[in-house]
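If you're matching them up, the sequences are chains A and B in order.
For reference, each letter of the first sequence is one residue, going 1 to 433 in the UniProt record's numbering.
For reference, each letter of the second sequence is one residue, going 1 to 433 in the UniProt record's numbering.
Calculated directly from the structure, the hints in this document are not laboratory data.
Some hints here could point you the wrong way.
Here are the simulated lysine-lysine pairs, DSS-like style, with alpha carbons at most 30 Å apart [as the list claims (entries may be wrong)]:
| no. | chain 1 | residue 1 | chain 2 | residue 2 |
| --- | --- | --- | --- | --- |
| 1 | B | Lys429 | A | Lys287 |
| 2 | A | Lys227 | A | Lys287 |
| 3 | B | Lys287 | B | Lys23 |
| 4 | B | Lys227 | B | Lys55 |
| 5 | B | Lys429 | A | Lys429 |
| 6 | B | Lys429 | A | Lys245 |
| 7 | A | Lys23 | B | Lys287 |
| 8 | B | Lys55 | B | Lys150 |
| 9 | A | Lys227 | B | Lys429 |
| 10 | A | Lys287 | A | Lys23 |
| 11 | A | Lys287 | A | Lys55 |
| 12 | A | Lys150 | A | Lys227 |
| 13 | A | Lys227 | B | Lys23 |
| 14 | B | Lys287 | A | Lys429 |
| 15 | B | Lys227 | B | Lys287 |
Under 10 Å between C-beta atoms, here's a sample of chain B residues computed to sit facing chain A [unchecked claim]:
| no. | residue |
| --- | --- |
| 16 | Ala8 |
| 17 | Leu20 |
| 18 | Arg24 |
| 19 | Leu59 |
| 20 | Arg96 |
| 21 | Arg120 |
| 22 | Ala126 |
| 23 | Val168 |
| 24 | Arg294 |
| 25 | Ala296 |
| 26 | Leu417 |
Listing some non-contacts, in silico: residues in chain B with all C-beta distances to chain A over 10 Å [unchecked claim]:
| no. | residue |
| --- | --- |
| 27 | Ala76 |
| 28 | Leu88 |
| 29 | Arg279 |
| 30 | Ala300 |
| 31 | Asp361 |
Here the structure is a predicted model, which means the values were calculated and not measured.
Even glycine gets a Cβ: it sits at the ideal position worked out from N, Cα and C.
There are 2 protein chains.
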Amino acid sequence: MPVFLDTASPDFETAFADLLSAKREDSPDVDAVVAEIIADVRSRGDAAVIELTAKFDRLELTPDTLAFSAEEVTQAIATVSDEDRASLELAAARIRAYHERQMPQDQEWTDESGATLGWRWSAVSAAGLYVPGGLASYPSSVLMNAIPAKVAGVERLAIAVPTPDGQVNPLVLLAARLSGVDEIYRIGGAQAIAALAYGTETIAPVDKITGPGNAFVAAAKRRVFGKVGIDMIAGPSEILVIADKENDPDWIALDLLSQAEHDESAQSILITDDAGFGRAVAEAVDKRLETLERRAIAGASWRDYGAVIIVRDLDEAAALSNRIAPEHLELCVVDPVALSHQTIHAGAIFLGQYTPEAIGDYVGGPNHVLPTARSARFSSGLSVMDFLKRTTLSRMTPEALRAIGPAAEQLARSESLEAHGLSVGARLKRLNG
Amino acid sequence: MPVFLDTASPDFETAFADLLSAKREDSPDVDAVVAEIIADVRSRGDAAVIELTAKFDRLELTPDTLAFSAEEVTQAIATVSDEDRASLELAAARIRAYHERQMPQDQEWTDESGATLGWRWSAVSAAGLYVPGGLASYPSSVLMNAIPAKVAGVERLAIAVPTPDGQVNPLVLLAARLSGVDEIYRIGGAQAIAALAYGTETIAPVDKITGPGNAFVAAAKRRVFGKVGIDMIAGPSEILVIADKENDPDWIALDLLSQAEHDESAQSILITDDAGFGRAVAEAVDKRLETLERRAIAGASWRDYGAVIIVRDLDEAAALSNRIAPEHLELCVVDPVALSHQTIHAGAIFLGQYTPEAIGDYVGGPNHVLPTARSARFSSGLSVMDFLKRTTLSRMTPEALRAIGPAAEQLARSESLEAHGLSVGARLKRLNG
Numbered sequence: 001m002p003v004f005l006d007t008a009s010p011d012f013e014t015a016f017a018d019l020l021s022a023k024r025e026d027s028p029d030v031d032a033v034v035a036e037i038i039a040d041v042r043s044r045g046d047a048a049v050i051e052l053t054a055k056f057d058r059l060e061l062t063p064d065t066l067a068f069s070a071e072e073v074t075q076a077i078a079t080v081s082d083e084d085r086a087s088l089e090l091a092a093a094r095i096r097a098y099h100e101r102q103m104p105q106d107q108e109w110t111d112e113s114g115a116t117l118g119w120r121w122s123a124v125s126a127a128g129l130y131v132p133g134g135l136a137s138y139p140s141s142v143l144m145n146a147i148p149a150k151v152a153g154v155e156r157l158a159i160a161v162p163t164p165d166g167q168v169n170p171l172v173l174l175a176a177r178l179s180g181v182d183e184i185y186r187i188g189g190a191q192a193i194a195a196l197a198y199g200t201e202t203i204a205p206v207d208k209i210t211g212p213g214n215a216f217v218a219a220a221k222r223r224v225f226g227k228v229g230i231d232m233i234a235g236p237s238e239i240l241v242i243a244d245k246e247n248d249p250d251w252i253a254l255d256l257l258s259q260a261e262h263d264e265s266a267q268s269i270l271i272t273d274d275a276g277f278g279r280a281v282a283e284a285v286d287k288r289l290e291t292l293e294r295r296a297i298a299g300a301s302w303r304d305y306g307a308v309i310i311v312r313d314l315d316e317a318a319a320l321s322n323r324i325a326p327e328h329l330e331l332c333v334v335d336p337v338a339l340s341h342q343t344i345h346a347g348a349i350f351l352g353q354y355t356p357e358a359i360g361d362y363v364g365g366p367n368h369v370l371p372t373a374r375s376a377r378f379s380s381g382l383s384v385m386d387f388l389k390r391t392t393l394s395r396m397t398p399e400a401l402r403a404i405g406p407a408a409e410q411l412a413r414s415e416s417l418e419a420h421g422l423s424v425g426a427r428l429k430r431l432n433g
Numbered sequence: 001m002p003v004f005l006d007t008a009s010p011d012f013e014t015a016f017a018d019l020l021s022a023k024r025e026d027s028p029d030v031d032a033v034v035a036e037i038i039a040d041v042r043s044r045g046d047a048a049v050i051e052l053t054a055k056f057d058r059l060e061l062t063p064d065t066l067a068f069s070a071e072e073v074t075q076a077i078a079t080v081s082d083e084d085r086a087s088l089e090l091a092a093a094r095i096r097a098y099h100e101r102q103m104p105q106d107q108e109w110t111d112e113s114g115a116t117l118g119w120r121w122s123a124v125s126a127a128g129l130y131v132p133g134g135l136a137s138y139p140s141s142v143l144m145n146a147i148p149a150k151v152a153g154v155e156r157l158a159i160a161v162p163t164p165d166g167q168v169n170p171l172v173l174l175a176a177r178l179s180g181v182d183e184i185y186r187i188g189g190a191q192a193i194a195a196l197a198y199g200t201e202t203i204a205p206v207d208k209i210t211g212p213g214n215a216f217v218a219a220a221k222r223r224v225f226g227k228v229g230i231d232m233i234a235g236p237s238e239i240l241v242i243a244d245k246e247n248d249p250d251w252i253a254l255d256l257l258s259q260a261e262h263d264e265s266a267q268s269i270l271i272t273d274d275a276g277f278g279r280a281v282a283e284a285v286d287k288r289l290e291t292l293e294r295r296a297i298a299g300a301s302w303r304d305y306g307a308v309i310i311v312r313d314l315d316e317a318a319a320l321s322n323r324i325a326p327e328h329l330e331l332c333v334v335d336p337v338a339l340s341h342q343t344i345h346a347g348a349i350f351l352g353q354y355t356p357e358a359i360g361d362y363v364g365g366p367n368h369v370l371p372t373a374r375s376a377r378f379s380s381g382l383s384v385m386d387f388l389k390r391t392t393l394s395r396m397t398p399e400a401l402r403a404i405g406p407a408a409e410q411l412a413r414s415e416s417l418e419a420h421g422l423s424v425g426a427r428l429k430r431l432n433g
């Protein structure tokens, strides 16, 4: 049974604080092992990667077979059904269209002092995308990571996807091809992250690594951070649904279960202003759990981390939502747009009862890589911005330097940085001399 | 003596690779101490912060005196000279004007399927800014961190600045007031970062922490990351100057020294297409080092990490610049704009001989918090974006769900996520029923 909370109850604050602070994930400490793997790949390159792949994935590779050939990709892709292909193509087109709108503009202007200022965006030269192997090998995640990189203008995009026992998901290769990925390596784990970050004889190093992975991958990403850029380290998935009684309890139950089925550590929360509706949704969840394929996982998630919160009104719902700062937020209420202006801390908002969160996982257009564990208070989902960086530009004329240089000299003096002041002063002396 | 490299020399590649990979900073491992301090502040709150401040800063505080009162700030500020005040005000105005232009736009559109998509930016609710105490207490850094936060719309901005033996820099307090900072605490070190991240009885927790600090502060920021957002962990400062022979060697020498005087680990590099000019600059550096106040620091930096690189032409200079990916890049050449389009990996570019880097440290307008240690390949300087986050928005109509829902169902099936598919399918069934 999930917890039932009611804001009218005197112990609500305590119970809600417990819900907020519940630790849902115990990452095993694999840091020492990962440090060894990274050191091994740095010192022995391909040889280390090949040995580790034989050991962990039971797959014998050579420098020549580290990457899939174009022919191998084409052959694998040919096995994809027309329905799957058409769906992936629709998803890719919609994700591309959304992310193209995110491209920021360069700016340049001359101000009243005569100084020309601005900034210019440029793409990361090379990026690496980690794709988990086996069951968690999601083609949709390939699209969500690779398309923003290519829209941003990344010239070289490499994927690392482990293929345990040689098994590969053809949909992952199709997603990579649809996204314009340049290289696909059949390697995984910390050794793949090390190879992407530091390079080997066969694999050129990249500047940025994104994509989800297990504890080894996450630890490796933390360790190579600084040498390369990384995306966020994602935690278990979460959904918060705010729904009034004008909804079908079964629809809302399915929305809650579509997070719960990801992972036993996932969290699904319903906030409603109608206690009867809350009970009806909980009943509908139980009913669906009887037959759901992934009922063991979804049931454990709902039992351990699920919650139904009864509020007095939607203002209260919005306030709680901002404290939760959910990864996914569904607003199934009469006026979802109005409510969305109050729920400002959320990774992605799905408005109205015809927008189940699963639409956003696949074909909506916005990215499904989103901040978890309350980090939507201070961070955003993946976007083209993650593959761009900004260079600021300044150009002084002699007049501009005369106008603002003396203030810089003064501040340099007050910070006891003499050469800073002299670098301005020497120029002013000539200009004024 | 700094190293002299020449791209025409057969051993250039080896020497340049050594220069790129030189480790300039040995951070002491203070992680264990920092972990204890954070745990102490989390469990004992104000009492721990007060004890640690007495121990490290020799300052006895109470919960009531943790923060400066408005009156104390006003009194301290009254001691600032008119010249200093006017310079800080000019800097604040220019930094604000620049950063106001960075504010990104919300977007919303309806596509051909009838889906309404978009995103909305919102500010982090509360941010904390760390300001080092003592010698490295730079009022300019207060402006550079605090103004973007306030421009972004951060409601509550708190500063932590240690005041060893009660000593405070009035210019720091003035910079805080000019920037609109809401709270100023006289605490520092890991205990200040812990207090900002987790809160105490007196200090409310924040969502994001920025600002430079020593090894303890950096280790504490790494540890609280995830609980709150942090900015980059900055390394020692760097400048790369690309200059042709049409420059005054003394000006360029002063620009190189204005980084070198920051820190013995700072790095200053000159790239020029004229060997004679390169030697003239090196001589000018030596001459200035005879009298510079911070000659011990600047001299050590220039001796240990300085470099003069002779190139055949400016194309070669640009290519090397992109491999260095400098924090600061000065282009003192006849056509700096043309060259700037080739030097795409840099934190900040200063164009032309009348734009010494020091202008950007204080009054230019762009931020002086910039990516170091080659991280300009994948990251950007501080901006309003660091205090904003983006929430994506999706709203399906029944028609839109009919149009794109089946593809989502198909992809959910192929990823074996049944509830995902059902959450779409149940709605389509009603709509099509």
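Would the stated hint for Arg96 of chain B survive a check requiring a Cβ distance to chain A of less than 10 Å? Because about 12 Å separates Arg96 of chain B from the closest Cβ in chain A, which is outside the 10 Å limit, the hint is violated.
Does Lys429 of chain A sit within 30 Å of Lys429 of chain B, going by the straight-line distance between their CA atoms? Violated, at roughly 80 Å.
Is Lys429 of chain B within 30 Å of Lys245 of chain A, Cα to Cα? holds (20 Å)
Identify whether the interface hint at Leu20 of chain B stands, where standing means a beta carbon of chain A within less than 10 Å of its own. With Cβ-Cβ at 12 Å, over 10 Å, it is violated.
Verify the proposed pairing of Lys287 of chain A with Lys23 of chain A, using a straight-line Cα cut of 30 Å. At roughly 28 Å apart (the allowed maximum being 30 Å), Lys23 of chain A and Lys287 of chain A satisfy the hint.
Compute the least Cβ-Cβ separation between Asp361 of chain B and chain A, then decide whether it is above 10 Å. violated (6 Å)
Restraint outcome when Ala296 of chain B is required to lie within 10 Å of chain A by C-beta distance: Check failed: Cβ of Ala296 of chain B comes no nearer than 13 Å to chain A, outside 10 Å.
Holds or violated: Ala8 of chain B as interface residue toward chain A, Cβ cutoff 10 Å? Nearest chain A Cβ about 26 Å off; hint violated.
Would the pair Lys227 of chain A and Lys287 of chain A pass a check requiring their Cα atoms to be no farther apart than 30 Å? Violated, because 50 Å separates the two Cα atoms, which is more than 30 Å.
So if I understand the rule, the pair passes when the alpha-carbon distance is 30 Å or less; does Lys429 of chain B with Lys287 of chain A pass? Holds. Lys429 of chain B to Lys287 of chain A sits at ~18 Å (cutoff 30 Å).
Beyond 10 Å from every chain A Cβ - status for Ala300 of chain B: holds (14 Å)
Are the Cα positions of Lys55 of chain B and Lys150 of chain B separated by 30 Å at most? Violated, at roughly 33 Å.
Comparing the model with each numbered hint stated earlier shows that hints 2, 5, 7, 8, 9, 11, 15, 16, 17, 18, 19, 20, 23, 25, 28 and 31 do not hold.
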